[in-house]
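J.: Heads up: the protein sequence lines correspond to chains A and B, in order.
Each residue of the first sequence is one higher than the one before, starting from 1 at the first, in the working numbering.
Each residue of the second sequence is one higher than the one before, starting from 343 at the first, in the working numbering.
One thing to keep in mind: the hints can contain errors.
Computed from the model, here is a short list of chain B residues facing chain A with C-beta under 8 Å [said to hold, decoys possible]:
#1 Glu436
#2 Pro518
#3 Arg557
#4 Phe569
Now the stretches of chain A that chain B is said to cover, found in silico as 3 or more residues with beta-carbon under 8 Å [claimed, not checked]:
#5 132–144
#6 165–174
#7 177–191
#8 243–254
Treat the hints as calculated values from the structure; they're not laboratory data.
Beta carbons: idealized from backbone N, C-alpha and C, even for Gly.
2 protein chains.
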Amino acid sequence: MITMRKILAIDAGGTSTRAVVLDLSGRCLGYGRAGSGNPTAAGIEGAVAELGRAAQRAVTTAASTTDHGSFALIALAGTVSPPLLRQLSARFAELGFDGQPIVEPDLLGTYYSGTFAQQGYALIAGTGAVAGRITGGRLGLARGGTGWLLGDAGSGFWIGHQVVRAVVASLDGLGPDTVLTQLVLDSLDIEAQDGGIRGRPHALVKLMEETYALRPVDLARFAPLAFAAPEDPIAHAIVTSAAAALADLLAATRAPDIVGPVVLGGSVLAAGLRVAPSIFAEPLKRAGGGVELIAVPDGVVGAAVLGLRHAGVDIDGEIFSRIRDGVARLHTEASQEEPAVG
Amino acid sequence: MITMRKILAIDAGGTSTRAVVLDLSGRCLGYGRAGSGNPTAAGIEGAVAELGRAAQRAVTTAASTTDHGSFALIALAGTVSPPLLRQLSARFAELGFDGQPIVEPDLLGTYYSGTFAQQGYALIAGTGAVAGRITGGRLGLARGGTGWLLGDAGSGFWIGHQVVRAVVASLDGLGPDTVLTQLVLDSLDIEAQDGGIRGRPHALVKLMEETYALRPVDLARFAPLAFAAPEDPIAHAIVTSAAAALADLLAATRAPDIVGPVVLGGSVLAAGLRVAPSIFAEPLKRAGGGVELIAVPDGVVGAAVLGLRHAGVDIDGEIFSRIRDGVARLHTEASQEEPAVG
C-alpha cells in the first residue's frame, strides 16, 4: 500500500517536541525537533511556536520527496483548549496539513513507540508521572497524571521536590547531613557563608529565595542530583521511594485478563533504568506482571503509528519496524546537523 | 510609672489582625480587629489596608481616654519591604503614631503573649509552622518557617495538602478509601457522578480543576477536615504525623542550658490541643522538656509587651497581667459589638 499521501506526527513533551513526516507505508520522510510543545508547560503561544517549529523542520527535510500533505496528529499530556487547536490548525495549514489536528494522549504515543500490540500498559515518568492500560488499541484506563500538587509520586518534580526539602531540612537543623546540599547549592551558584539572616543560615535564605522564584514544576531540575549521589543515604532513599511509587502506579493499571507489553517512557525512567537498574528494573518488572519492559526515548514513533491508524492503515511488524528504524535514522542525522534540544 | 504616652501594638496574622492601644503602665485603652495584615498573604496594599483598619478601630475605642500617641509596633511573620514600611508610616501618622513602625518576628509576639520570662521557646503552627528559642528577650534561633514548598511539615498547609492528596489518591485508585473524600468533595460542592473524563472519574477531574485554581497555601482550608474525622485511619495518620513533625520542630530549637516556658500559637495547635489532646499534648510536652505548655489565641498581648519594652518599661508580673486581662476584656467587648473576623 504505497501512496504519496503523507502524515505529520508529533510527540509534544514538557521539555522538547519531536515531529516526523511519513507516508502511509510507514516510510519516514522528514524529522524535526523543537522546545516544549506542552501548553501547560509553555503556554499556548509557546506551544504553538514550538510545535510549529518542529513541524516546519520535519516538513523542510521531507519536502523533496513528497507532493501533498494529509493531516497532523499530536500526542500530548493533558487536554487541549479550543484556542490552541485553532492556532495549530492555522499553523499546520501553512505547512500543507489541512484540518484540525488529531490529539491523542501521551500515554498512547509512548505505548506505540515500543510495540504495535493492541493491548498492554504504558508508564511515563518525566516531570509528571502517569500510567495507562491499553485495550483494543485505545487508552482504557489512566492512573496518576494528577500533577505536582495533588499526585505524581515518583515523578521528576516529586524527586526534585524531595531533594530540595531534604536540603532545606538539613540546613535548617531538622534533617541529617546529605551530599545533596552541596550539589543543590552548587547548581544554584550559592556559596556557603558564615553568619545568618534573622536566625537562619545564609545559604538557607538564599536557597529559599531561589526556589520560591521558580515555578513549582521547575523543581524537577533537581531530580538528576538524586541519581548523581548513589552512596548518599538520603538520595538513595528518595530514588528507592520513587521507584516504589512508580511501580505502584503501574500496578494500579493492571487487569489480570489484559496481558501485553509494558512500555516505559520519560526522563526519570530512562535515568532510573540506566543509573539505578537494580532499584528500578525489578519493582517495575514485578508490577508489570513479569513481561519484558520496553523503554522508549520518546513518543514520536507512537504518534506516527497512531497517525497511520487514523488513516486506516493496519500496523504490522513490518510497518512498525519501518517507522521505528526510519525515525531512528532521521533522529541520528538531525543530531549530527543541529544542536540537540532535549 | 504612669504616663499618658500611648503605644499602638499590632499582631498581624495570615488570616486576621489584632491591634491594641495601651499606655506605658500596661493599661489597655482600645482594641480592634481586621483581616490579614501579612503582606505575603494579602499583598502590600491589602496588608496596609487591614493593618490600618485594625489600628483605626483600636484608636477609635481609645480616643476619649488618652491625649497623644507615641509609636507603633507590629509582630509579623517574614520580612517587611521598604514600600510597606513607608505606607504604614503614613497610615499610622494619620492616627497619631509618628515615625516608622517597629517590626518584630511573630514568634516573639506569640511568646510574650504567654509569658514575660526572658528565655524560653515558642512554636506557631497556622498556615505555616515555625519555632524559636528566646534568650535575653530576643529571638536567638529560628527553625522552620521555610514555607509550603520547602518545609512547614505539620502546618495547616501541610495537613490540608495531605488531606487533598489522600483524596486524590483514593479517587485515582492509588490509595485506600477515606471519609475525607466525601468531606473534601462536599466542601467544594462537587457531586459524585457516574462516568469519567479521559479515563478518570468525574469527581477527580472536578477536584483537580478546583484545587489547581487555588493558591497552594490555600490548601490549608482543608486542614480542619483532618480533625473532623478522628475515626478515619487516613485522617488519624495525617494528624498524628503533623503532631510528630511539630514536636520535632520544637525539639530542634531546644538547648539544654536554656530552660523556660513553651508558648504555643496558631490555628493548628489550637485545634490539635482542643480536638486531639491525646495526640498533640504529650509529644509537644516531651519536645519542650516537660515544662508546662502555654497556649495563646494570638500574638497581640506579646506585641504590647514588646512595645512597652521598646519604650523602656520593665515588664513584671503585674504589668503582664494587666495587659493580658485588658486585652481579654476588650476582645470580649469587641466580639459582642462587631462580627468576628477570624
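J.: Confirm or reject each hint.
T.: Each hint tested on the structure:
1. A least Cβ separation of about 30 Å between B/Glu436 and chain A goes past the 8 Å threshold, and the interface hint is therefore violated.
2. Here the hint on B/Pro518 is broken, as its CB sits about 12 Å from the closest CB of chain A, past 8 Å.
3. The restraint placing B/Arg557 at the interface with chain A is violated, with a minimum CB-CB distance near 11 Å, outside the 8 Å limit.
4. Interface hint at B/Phe569: violated, since its Cβ lies 21 Å from the closest Cβ of chain A, which is beyond the 8 Å cut-off.
5. Coverage of the segment 132–144 of chain A by chain B holds [criterion: at least 3 residues with CB-CB distance below 8 Å; count 7].
6. Only when three residues or more bring their CB closer than 8 Å to a CB of chain B does the claim for the segment 165–174 of chain A stand; here the count is 6, and the claim holds.
7. Look at the segment 177–191 of chain A against chain B: 0 of its residues bring a Cβ nearer than 8 Å to a Cβ of that chain, fewer than three, so the hint is violated.
8. Counting residues of the segment 243–254 of chain A whose beta carbon lies closer than 8 Å to any beta carbon of chain B gives 3, which reaches the threshold of three, so the coverage claim holds.
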